[in-house]
Structures are given as C-alpha cells and as structure tokens.
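Engineer: Chains as they are written, first to last, in the numbering used here: chain A, 1 to 501; chain B, 502 to 1002.
Just so you know, these hints were derived from the structure itself, not from any lab. Note that the structure is predicted; figures quoted are calculated from it, not measured. Incorrect hints may appear among the rest.
Stated by the list, open to error - Restricting the straight-line Cα-Cα distance to at most 27 angstroms, the calculated cross-link-like pairs of lysine-lysine (DSSO-like) are: (1) A:Lys207 / B:Lys710; (2) B:Lys598 / B:Lys505; (3) A:Lys251 / B:Lys520; (4) A:Lys135 / B:Lys507; (5) A:Lys55 / B:Lys507; (6) B:Lys752 / A:Lys230; (7) A:Lys224 / B:Lys620; (8) A:Lys55 / B:Lys710; (9) B:Lys556 / A:Lys4; (10) A:Lys251 / B:Lys710; (11) A:Lys207 / B:Lys731; (12) B:Lys556 / B:Lys598; (13) A:Lys63 / B:Lys620; (14) A:Lys209 / B:Lys731; (15) B:Lys994 / A:Lys19; (16) A:Lys9 / B:Lys520; (17) B:Lys677 / B:Lys994; (18) A:Lys55 / B:Lys564; (19) A:Lys224 / B:Lys677.
2 protein chains.
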Amino acid sequence: MEAKLKELKTLLIEIDDLKSAASLLHWDQATYMPSGGGSARSRQLATLERLAHEKFIDPAFGKILEDLRSYEESLPYDSDDASLLRVTRRKYEKAVKVPAAFMAQLYRHTASSYEVWTKARPANDFALVEPILEKTLDLSRQLADFFPGYKNIADPLIDYSDYGMKASTVLELFDKLREQLIPMVQRITSQSLADDSCLHKTFSEEKQKAFGLEVIQCFGFDFKRGRQDKTHHPFMTKFSLGDVRITTRYKENDLSEGLFSTMHESGHALYELGIPMDFEGLPLADGTSAGVHESQSRLWENLVGRSRSFWNFFYPKLQKTFSDQLGSVSLDTFYRAINKVERSLIRTDADEVTYNLHVMLRFNFELDLLEGRLPVRDLAEAWRERYKTDIGIAPPDDRDGILQDVHWFAGTIGGSFQGYTLGNILSVQFFESALNAHPEIPKEVEKGEFGTLHSWLKENIYQYGSKFTASELVERATGGPLSIDPYIRYLKKKYGELYKL
Amino acid sequence: MEAKLKELKTLLIEIDDLKSAASLLHWDQATYMPSGGGSARSRQLATLERLAHEKFIDPAFGKILEDLRSYEESLPYDSDDASLLRVTRRKYEKAVKVPAAFMAQLYRHTASSYEVWTKARPANDFALVEPILEKTLDLSRQLADFFPGYKNIADPLIDYSDYGMKASTVLELFDKLREQLIPMVQRITSQSLADDSCLHKTFSEEKQKAFGLEVIQCFGFDFKRGRQDKTHHPFMTKFSLGDVRITTRYKENDLSEGLFSTMHESGHALYELGIPMDFEGLPLADGTSAGVHESQSRLWENLVGRSRSFWNFFYPKLQKTFSDQLGSVSLDTFYRAINKVERSLIRTDADEVTYNLHVMLRFNFELDLLEGRLPVRDLAEAWRERYKTDIGIAPPDDRDGILQDVHWFAGTIGGSFQGYTLGNILSVQFFESALNAHPEIPKEVEKGEFGTLHSWLKENIYQYGSKFTASELVERATGGPLSIDPYIRYLKKKYGELYKL
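With the sequences and hints as input, model every part of the structure.
Structural biologist: Written as structure tokens, this is what we have:
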C-alpha cells in the first residue's frame, strides 16, 4: 500500500507540475507578456491543460486509485491519506466522464477567447466576442451534458467550483438574500450619498503600492513565498505552496481600487499559504471551493479592511503617506467614503450592500443562457436592461457592461459567479465564529495586530486545504450549516450606523 | 505525405509547447520568482523537460519520421520541409540514444543545482556546490558515454550546442587564436591603462534602462514581440517567435554593464525575431548553433556597439541623458574607456581582446574535468592558478572565480563555452561580409541607422533559423569556411589605433 500510495502521489505531482506551469503561463499572459506572444500562448496553455487532463484520466491511474480503496476505508475519514484518496477519487470520477478531446477543444477555445476579450473590452466591441460566447455557451452545455441526470444544466458546472451546490439551492439562498437586500439598498440610496471625494484626488501609484504591501505584510502575507504584480483584472494564483502570487491594479484617481483589491487578493493568498507543506503538489493543496476561497478574500477586504477598528490604526499612517490629499480629511469622513453605498456599474468596485445584486444577476444570466431563455446576441442588451431594473443604473457602453468580467471569456458559462455571494455570506459567518472564540480580535485589529485572527483562520480553515467539502468545513468551523443570518446582521448593524435603516 | 507531415508538425509543436513552458519557468525563476518557489520550480522544470524528451523519443514519432524519408529525399535540400525533416531526424537520432530516465535525472539535477548556485555565489561558498559539481561531472560523462565511438569525451557534448564541432577542431582553432592574442594582450597591457573613470560615476538605473531600450529599438528590437527584465545573469530566451525576451543587469557605478549587456542580448533576440513565422513551434525556429548565436550578440554589442561610428551618433544623446556625468567627457575619452583592455576577472565584463582567454581556459577546464586530469575538489584552486598564468590576475575569492558563470550549475560540464569564442570569430567574419556587400553600413551607423545591416543579417542568417548547419551557413553567408583571419585583422586594426601594437 505504501508503494501504491507513493506511486499515486508521484503521478498527482506530475499532473500538478503541468497545471502549475499552465498557471504561470496564465500569470505571465496577464502581467508581462508582450502582445505578440498571445496566439502561441493560447496554444501552449491548451497543450498543458490537455496533457494534465489526459494523465489524470489514464485508466492506469484509475487502477491505482481502485487498488487503494480498501486502504482508504481502513483510515479515519479526516486523516491526510483518506482525504487525499477521497478528494482525488471524486475529481477522477468527474474527470473521466469528459473525453480528453473535448477538454482539449475547451482549453483551446477558452485560451484564445481570453485573447480576444483583452482586445474587445478596451475597444468596447461586443460584436467581436459574440460568436466566441456562442461557442463558449455551446461548449458549456456540452460539458454539462457529460453528466446526465442533473436537475439543472448548471449543476455540473457549479459542481466544478462549489462542489455539492445545486442551482436550486443557490437560487433559494439568493432569493432569501435578495428579499433582505432590496429594501436595504432602497432605504440607503434614497438618502444622500456619502461624500467619497477624498478617495478621488491624485494618489501616486508608487505610494499606493508601498502602503498596500505594508498592510498585507501585517496581515501575514509572506513575501518570501509570494509577490504582487500589476494586471488588468486582479487575481491570486499559485505555482506551489512556496510561491503564491497576487496581482492588482491601481488608479491614480481612485485610492480604493488598488488598496482593497490588494487586501482582497491577499486574503485568497493567505488561505493558500496556510495549507500544510505536506500537501505540496497534491489535490489537497487548494482551497476547498470558490465560495470558501472568496470568504477569505472578503473577510480580509471587508470585515477587516473596511472596518473602523482597522482604520483607527492605519488611517494615521495613510494620512502620513498622503498628507496633501488626506491630511485634513477626518477618519469619520474617510470611513464613510470607503463604505459608500451606491448604485454602480462595476461588480468588483461595488460596495458591500449592492455587491450581491451584481452577482445574482450574473448567476441568473448563466441559467438563462444555459437553459436557452436568452440568446447570446441579446445578452448585451439584456445586461443593460437588467442593470436598470436590478441596480437602478444602466451602463452607457458594453465595456462597463457585459464585457467587464473576464469569467465567461476565460472559462465556461455556468458556475462562475455564485461563489462570490457564497463568499460574502461565509466571510461573516466565519468572522463571527472567530470573534466568538476570541472576542479580543477587534481590539487587536485596532492595534494593527492580526495574529489571533490569522491563527484562528489557519486552524479552522487554511490547514485543511481541500480535505473537507465546503459544507463540512463550515459545520466544523462555525458549528452549523451555511446561513445568511450573520451576514444580514452584520450589514444591518454596520450600515445601520452609517445610514438610517 | 501531407497528412503524415501534418501529424509530425503537430507532435513537434506539442513538444515545443512543453519546452517553451519550461523556458518561461526558467525565465520566471531568474526574474520574479520569490525564493520560496525554488524547490517546486526545480521539480516542475524537470517534469516538463522529461515529458518533452519522452514525447520526442517515442517510437511512434520515429515511425512517422521514417515514413517521411522518401518524401524528404524527393525535395530540394534547402526547402523548408526537407530541412525540417533533416534537422528533426538529426535531433531525434541523437535523443533516442539517451534513456528518458537518465534525462529526467539530469534535468532534476541541473534544476536543483541552479538553485544551490544562486545561494553559493553570493555566499562565496564553493564547498556548497562541490558535491553538486561532482555529480554534474559524473552525469556529463554518462551523457557522453551514450554516444560511443567519440574521439574526445567532450565531442558529444559540444555537438549539442555546436553541431559538427569536435574538441580537436576547437583546440586547434583556439591554439591559433591564442598565438595571436597572447602577444597582443602583452603589448597592450604593458602600456598605460585607458582611463575609464567616466564609466564609473553614478548613473541612475532608470535612465540607463531608458537609454538602452532606445538603442535596441533603433537596432530593430520589436517590443510588441519582446521585452526586457532584470536578472542576475543576463540572457535571451524565447517562448514563441512572437515573444522573445532579454534580461539584463545594471550597476549604478558602471555604465558599461547594463548598456553592453542590453545590446548583447538584443543581438541574440534579433536573430530569433528574424526567423520566419512559418517555423513557429518547429525545430527550425532556433539559432543554428551556440557559436552562430553568439556571433549575432557580439556583432551588435562589439562591432556596432563599441564602434566609433555608433558613438558618433549616440554619444551626444548619452551625454544629454547623463549631462552631469558625461557633459565634459570627450567622445574620444569615452570611446577609449569602453574599449579599455585590461587583465580582469569576470568573463562577461572582459574587453574584446582578453575575452577569449577567459573562454579558452574554461574550455580547457571542461576537457581536464571530463578526461579526469582535474578533480572537482581542486577546481577552485586550479581556477585561481590558471587565471594568474593566463590572464595575469588571480581572483581574491570564488565568487568572482569559479562561481561566476552559471553554465556548469545549470547544465553539463562540456560544450558550454566554446561557442563564445566561435561567436567572436564569426561576428567579424559575418560583419566583414555585410560590409563587402554594403560598404555604406558604417556611414549609416553614424546616422543611427541600422536597416541595411539588419536586412543583410536577416537575409543571410536569421531567415534560415536552424535550416543549415553552422558551417553551411558560414559558407553561404561569407563564401568560405570559418576563419580567424577577419577577427585578427579587426582586432589589430581597432586596437592598433587605440594602442601601440
């Protein structure tokens, strides 16, 4: 069994080497690659992804997994080896249902689709991506159809990112959430807008960067095992447990852009950096779901980074960094500015209260597209309409409309967005549990100390990698199932203090 | 045949995708990777190289090649398809002689060896790399022994980088060259040293970078298909014909460091950028040998970049960039400074006259090590001794002695260095031919125009990629075989004007 397990791990690590190489190719494409490298890069990415998939679905690999079944059953459920075998088997059984040739086609398509999107967005050219999205939709449906027996065609796609979730569960959850959010947004936006002009002066990129890096270093980001670079669409990526990178973007006339995206991505990175080195190269060395991953980014970005406790400590430092711009701006004004609630166009820039409205309409669009209720050619228009009804503001162009998010241009339609709202919900649920265990956390945050919070997250979330499913993890860490109650309580309390609710 | 050829190309491109991914992993390791990524990166590199090798030596691949033999024979020698088949077959026949498991071991070793070297060099710690070099030597010998029948154990290794060259040919050539160089170096270094203090003021890195980029843009470097980054050991690398990158390093107290390494690496890059796009992903899309590649870097660095014609145009610009430092320094003083000949320690910083002495002693060391005349444990000491006798100056430490070059720590011992001197020789031979064809070139260079020279190089060298062997290419481009005569003529003329010879 020892030898079999070793053989399995060797194969898994080899597959991970290919995937990690692909991740580096992606990262480079989004950070440093000259434009001339685009077409070959798409091809190279498709090759690496395909080879990794081929190796994973090799029947010889399945045989080893099968041989290890009785060994797995002899081990405690939460042991490393049992978990490795369980998670690997789950992924294997899913992977073998999809022919390698199809995956190769999908990888080729998404890699080149991304290249087209990088041109279409600045050019505000939906027509350029329309035929591509048609194909993406077609491939997404085909992918789902390799998993017959689903209730909703989105289910198998959601399963890739948020294992165990179903479209129906998500819809039900989102309905409950919307019921609470809509009146909250209405009540807030009927009041006078917060003044956030202090964030829209001119802030040198260099100083923004230095400040952001200082903050995430305090959070616990280890620059020996990671770095930050610039990109159009911020993301976190990992090439090994010793090399976890984040990207960000800065706007000289918007201080919040770089600052909060840096904190956000650092939250994703802390999760990966907290996974035990023993898991290196294995399927356990990953966050357990899109939702749980997002809960970590949102926890650091919002629960910490947009809290008054945090700025009690950091605002004087920020004022010192930008004395001309913020020297005479009070903490209270700044705090209101970074928590301004408004009807806006861009998901990633949206405030905590309206953010989920952006996500929920995208989730609905995915279902509408997959289920054939909405043809791709009507998508840009439908987007504008839906923004008008749901958010109360329509994008003047497609650049800041349908073209704003990379997801549908770099992956499937279906399963791409629900994790963002699940993450918001979970971020508060986890944070509340951490506070219950350690009521001193806010006091520490006021002193720029994050050790207790970071340790609680490591112990209750990070250290497990993807050993446990999202629902198992939530149960273990919070003592109950996923619930929107803490999230709603949090919003009501925080925004009740900022606005009349 | 059409279909077979297409199948062959598909396989070759897939192999190239793996190799290009490995190149990106290397580039990242040398530019941006945080230290924590080192050990996984070595593993990932070894995996990619091994998979590429395994795919290449697959008997099914050999079968396709064999099936295409009669097709190849029906085509003109210099047609693209015949050349592709010929070059691929040559590489294939070499590759199949080496077991995949051995290559995997070698890749693993060199990848981790590089990691150790990056620590050993700054720490001046030869002991740290000694056991590693022992193993490198052992593996290098084993590699050579997969090609029985060689006259010299270095021959199969030289063949990897300078196909067709033998240790005996190189030794004979180097002996002739040494005969000419030794008295030249003695005569020059017995005169008073040129004053190069103007290069050793303080030059901001940012301005150095901007100036260097302007120069190579004039050379013809296309920033849409390439970029420049910083590294410890400058190099050129390629991820596709649309993405050719160079790296450089700057010293604030040495203007020549960044400037000439930028021109040098751009010369390598221009070669690759001049290869026809039709060759993308195929074995033809490469320089034909280490020597010919180096001839291109040295041509732009030395024949152009250290010429008076070049600086007639660029020196006023450089003076404007660094007015405090160079405003009162005459062109003549500057020209003498950048062509200062002296006995020095670092190969990459050496002047044109002494440079080859650095290379030749390394080549001799490779033979001594491979043939067992020199044990690794004595290498650092032997290095110091040999520098004293050959160059006339002994390194005070190993950092600037045996540890200075990456080659033996990132590849085999054997075949690593001869290309540098072959390149110097060829750079002049090619340049002379270009001047014969276009005597107006120096006048154009004086106006900052490089189009005629660049076109001649594209037409006579770049466009062929690795279609022709080095000797075929030299014959075609210059009308004769490799010869040291143009090189010696060039040195005597240039340095005869600068020194009494």
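Engineer: Please flag the earlier hints that this structure goes against, numbers listed from lowest up.
Structural biologist: Numbers 3, 8, 13, 15, 19 - these are the hints that the structure violates, sorted from lowest upward.
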